[in-house]
Amino acid sequence: MRRVVITGLGMVSPLAANREGTWSQVLEGKDGLGPLTKLHLPLEPGQIAGQVSMAFGRRQTLGEVMALAALEEALDGFTPTVDPRRTGVFQGAGTTGLPVAEGYMDQRLLGHQPPAAELAFQCPNMVTDALARRIGSEGPRSTVMNACSSSLLALGQAFERIACGELDLAIAGGAEGLCRTTYGGFSCLKAVDPAKCRPFSRDRAGLNLGEAAVEFVLEPLELAQARGATIYAELLGYGATMDAHHPTAPHPEGEGARRAMAMAMRMGKLNAEEVDLVSAHGTATPANDGSECQAIRGALGPAADRVSVTSSKSQFGHTLSAAGAVGTAVAVLALRDQVVSPTLRLVDQDPKCDLDCTPLHAKQRIIRAALVNAFAFGGNNLSLALRRWEGQ
Amino acid sequence: MSAVVITGLGLVLPGAHHVDAAREILTTGAPQFSELPEALGHGRGAVAELPAGIIPPMQARRLDRTSRFAWAATHACFQDAGLHPKTFGGSRIGVAVGTLCGGNEASEAFLWPYLKRGPEGASPMVFPNCVANATSGHLAVAFGLQGPSTTQLERENSTLAALEQAARWLRMGVCDAALVIGADGLYPLLSEITQRSRMTARHGLPRPHTATGFLPGEGAQAFLLEREADALARGVRIRARLGALSSSSLEDRAAAMQRAVAEVMDRTPDHWIAGANGHVRVDGSEARLGEGLPQPVHPKALWGEFCGVGGQLLAAALLRPAGQVLVTAPGSFGPQFALRLDDVAI
Numbered sequence: 000m001r002r003v004v005i006t007g008l009g010m011v012s013p014l015a016a017n018r019e020g021t022w023s024q025v026l027e028g029k030d031g032l033g034p035l036t037k038l039h040l041p042l043e044p045g046q047i048a049g050q051v052s053m054a055f056g057r058r059q060t061l062g063e064v065m066a067l068a069a070l071e072e073a074l075d076g077f078t079p080t081v082d083p084r085r086t087g088v089f090q091g092a093g094t095t096g097l098p099v100a101e102g103y104m105d106q107r108l109l110g111h112q113p114p115a116a117e118l119a120f121q122c123p124n125m126v127t128d129a130l131a132r133r134i135g136s137e138g139p140r141s142t143v144m145n146a147c148s149s150s151l152l153a154l155g156q157a158f159e160r161i162a163c164g165e166l167d168l169a170i171a172g173g174a175e176g177l178c179r180t181t182y183g184g185f186s187c188l189k190a191v192d193p194a195k196c197r198p199f200s201r202d203r204a205g206l207n208l209g210e211a212a213v214e215f216v217l218e219p220l221e222l223a224q225a226r227g228a229t230i231y232a233e234l235l236g237y238g239a240t241m242d243a244h245h246p247t248a249p250h251p252e253g254e255g256a257r258r259a260m261a262m263a264m265r266m267g268k269l270n271a272e273e274v275d276l277v278s279a280h281g282t283a284t285p286a287n288d289g290s291e292c293q294a295i296r297g298a299l300g301p302a303a304d305r306v307s308v309t310s311s312k313s314q315f316g317h318t319l320s321a322a323g324a325v326g327t328a329v330a331v332l333a334l335r336d337q338v339v340s341p342t343l344r345l346v347d348q349d350p351k352c353d354l355d356c357t358p359l360h361a362k363q364r365i366i367r368a369a370l371v372n373a374f375a376f377g378g379n380n381l382s383l384a385l386r387r388w389e390g391q
Numbered sequence: 000m001s002a003v004v005i006t007g008l009g010l011v012l013p014g015a016h017h018v019d020a021a022r023e024i025l026t027t028g029a030p031q032f033s034e035l036p037e038a039l040g041h042g043r044g045a046v047a048e049l050p051a052g053i054i055p056p057m058q059a060r061r062l063d064r065t066s067r068f069a070w071a072a073t074h075a076c077f078q079d080a081g082l083h084p085k086t087f088g089g090s091r092i093g094v095a096v097g098t099l100c101g102g103n104e105a106s107e108a109f110l111w112p113y114l115k116r117g118p119e120g121a122s123p124m125v126f127p128n129c130v131a132n133a134t135s136g137h138l139a140v141a142f143g144l145q146g147p148s149t150t151q152l153e154r155e156n157s158t159l160a161a162l163e164q165a166a167r168w169l170r171m172g173v174c175d176a177a178l179v180i181g182a183d184g185l186y187p188l189l190s191e192i193t194q195r196s197r198m199t200a201r202h203g204l205p206r207p208h209t210a211t212g213f214l215p216g217e218g219a220q221a222f223l224l225e226r227e228a229d230a231l232a233r234g235v236r237i238r239a240r241l242g243a244l245s246s247s248s249l250e251d252r253a254a255a256m257q258r259a260v261a262e263v264m265d266r267t268p269d270h271w272i273a274g275a276n277g278h279v280r281v282d283g284s285e286a287r288l289g290e291g292l293p294q295p296v297h298p299k300a301l302w303g304e305f306c307g308v309g310g311q312l313l314a315a316a317l318l319r320p321a322g323q324v325l326v327t328a329p330g331s332f333g334p335q336f337a338l339r340l341d342d343v344a345i
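If you're matching them up, the sequences are chains A and B in order. According to numbering that gives the first Met the number 0, the first sequence holds residues 0 to 391 in order. According to numbering that gives the first Met the number 0, the second sequence holds residues 0 to 345 in order.
Hints are computed from structural coordinates only; laboratory data are not their basis. For clarity, every value in this text was computed on a predicted model and none was experimentally measured. Some hints here could point you the wrong way.
Said to hold, decoys possible - Label pairs and their computed distance ranges (CB to CB):
{"no.": "1", "chain 1": "A", "residue 1": "T80", "chain 2": "B", "residue 2": "K115", "range": "28 to 36 Å"}
{"no.": "2", "chain 1": "A", "residue 1": "P251", "chain 2": "B", "residue 2": "H41", "range": "55 to 63 Å"}
{"no.": "3", "chain 1": "B", "residue 1": "M57", "chain 2": "A", "residue 2": "K189", "range": "21 to 29 Å"}
{"no.": "4", "chain 1": "B", "residue 1": "R91", "chain 2": "A", "residue 2": "E252", "range": "34 to 42 Å"}
{"no.": "5", "chain 1": "A", "residue 1": "E252", "chain 2": "B", "residue 2": "R170", "range": "45 to 53 Å"}
Stated by the list, open to error - Where chain B lies over chain A, by a calculated footprint (3+ residues, C-beta under 8 Å):
{"no.": "6", "segment": "37-51"}
{"no.": "7", "segment": "104-110"}
{"no.": "8", "segment": "133-142"}
Cβ coordinates follow ideal geometry from the N, Cα and C atoms, glycine included.
Work out the full structure, taking the sequences as your base and the hints as a guide.
Encoded structure:
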C-alpha cells in the first residue's frame, strides 16, 4: 500500500471564499451564520443560515461554482502531468439540481409550462464532471450520495484508489448550497434551531444549515515529494459503518459511530493514544452530540480524556454533503498549525458530552493525529484518520 | 488475491418477480411496456409490481417505491445465496447502492405541498426518504446490515459504480460479503420531464441505437458478492466470477467505450450484453468495437431506462450460461463502463 498525502486544499465558506481567510476567522472565533436571505421562507421558524455569496451563470449551480473555485485554490497553479487515466475525481453530492427542480415546480404551480430540458439534464454528478473536465481526468469518477457523510466517503474512496496504486492523483471533496427542500425538511423534523446552533451544549436545540465547498488534492507520497509539493497532512484511512437502527436517528450509544472510528484507526494503523483531535460531526441536535461523545469514548478508551473535540458546525452550520470535507479541512489546518478551532457558543456543556469540546476559544496544543466524523440519515457513519506531516 | 464472485441474485423487474421469469422475458424478447398508471405519470413505461408477503405492511408504508423494490430483491438475493445476514454477521456485510431516481419520488411528494402551503405542508414522514441513501438505510434496518455503505450516482451506470466499490471493499477486507443494489422507482415528475424534453420514444417501442428515445422503467436488482475462497468455503453455488470492470471518461464517448472494453477483454466473449438501447444520447458503440461478436442483447429495450441504472444489464448477463460475458454500458455523459464476467452459470 502506498502512503497518501494531501497536497492541496481549497475552501469556500460563509466566512471567506478561500482557505486562509476562512481559517483565520475561525481561529478568531467568528462564525459565518446570519439571517437567512437567500431563500424566502417567512413562515419557517428558523431564519439563521451560513450563506456563501458567489455569482453563477444560468446553466450552473452554486455547488458547481463553489467546487470549481475551491479546486482552483487547491491546485494553486499546479498543472497535473500524470497520466490522465490515472487521475480520478471523487465527490460527495447533495442537493445539486434541487433548486432547479424547485424553480420548475414553482412555475408549474403558477400554471406555466417551463422548459423541462434544464431539469432533465440536472444530475448530482454534474459537479464531479465539471471538476474532472477542469483537470483533464480520464479516469474514474465517483459521485457519492450518502447524504451528510458523502464527502467523507469520497475522500475515503480517493484514498484507497491511490493507496492501492490505481491512481496517481485524485480530487476529492464536496459542495453544498441551500435549497428549500432541505430547509423545509429539517425544519419539519424539528431539527433546526431558530437561534445560532450550540454544539455540545446542555440546551442545544438543533442545527443551522450552511453552504460550503472544499476540495482536496491527494497524491501518493513519493510523487508529491518528487515534485516538491506542499504536504498538508497524511491521510491514513477511513472507517464506514451502518447503525441498522433507525432511518434518521443515530444509535443512542453511538455504536455504529464507534465502530467507524475504530475501523479508521485500524486501517490507518493509528493508536488511540496518538489521536489528539476529533473534528466531530457535532450537529447540535439533541440526539447526535451525546451519542457521538459516547462513541468517541468507546473508540478511544482512556485516551478520550486528553483528546480535543471541535464542531465546525458552530462556524458554518451543517453543510450536509460537504460537511465531512469541511470537518476534514478544519482538522488538516489544525494539524498544520497545531491549534484546535473552537466550538462557538459552548457555555453550558452537556454532562453527556463529557470531553474537552474546545469551548469558545481556539486552543494551541500538540496535535499528532486526528479523526474526522460525518454521520448521515440511514444510520450511515464515516470516520477519517489523518496524521500531521512532519517531513517523513 | 482471491477473485470476487457473485453468489446471490434477486430481481424485481417489470413483468418478473424472480430469476426464471426474467430469463423467460430475456429469451422471448417480450418488452414489458404499458401505459403508466396515473399515480406514476403519463405515457408509456415498464412498471414493476412488488411481490406480496415480503415486506410487513407497517414497514412498507414508510418506504419509498425504490426502497420497496430493493427490499424485495435483497430478500430474494440472500435466499439465493443461502446466506442469513444476522447469522453471518451484519457488520461483515457491506452495501453499495446504485440509483438515479432514489430520493426523487419522495422529493416530489415533499415539495408540492411544501411549495403550496409552506411549513404546514411539509411531511416529516416523507422527508427522510428524500435522500438517495434512504434505501441503504432501510435495508440496513430490515436485514441488520452494519458494514460499510455507499450510494453511488453515475447516471445510467450507477449500479456499475456501486459494483466497483463493493468489489474493492471485498478485496481490501473491509467486509466479507457485499450487497450490490440497483434500484429505481417511477414517479410523475420523471415522466413529465423526460417527455417534455423529448427524451422518450414517442412512437412504439424503444429501438436500440436509433436515437429515437427511451421508455422509463423501474425495479431493483440485488447481487451478493463474496471473495471466491469464502464462497467455496461456504459451499455455495457461484453464479459468476467478476472478471474485470473498467470505466473511462473522454469527451469522445465512443473512444472512451473502446478504451473501457479494451481494458476488460482478454478474448472474444461468448455473449455480448449491450447496454445501449436507443437512449437519445447514446451512439451505436458496438459498431466500432470489433467484428464477429455475437448479437447483442438489449435489456433496456425490455425493461426500460432507469430500472436499476445498469443493474438490469448485469442481471441480464447472469441469466444465460457463458464462459465469458461482456457488458457494455454507455453513459449519456461522463464515464463509459465495460464489465467482463467469467464462468457464468445458472
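Item to check | Which numbered hints fail | outcome: 1, 2, 4, 5
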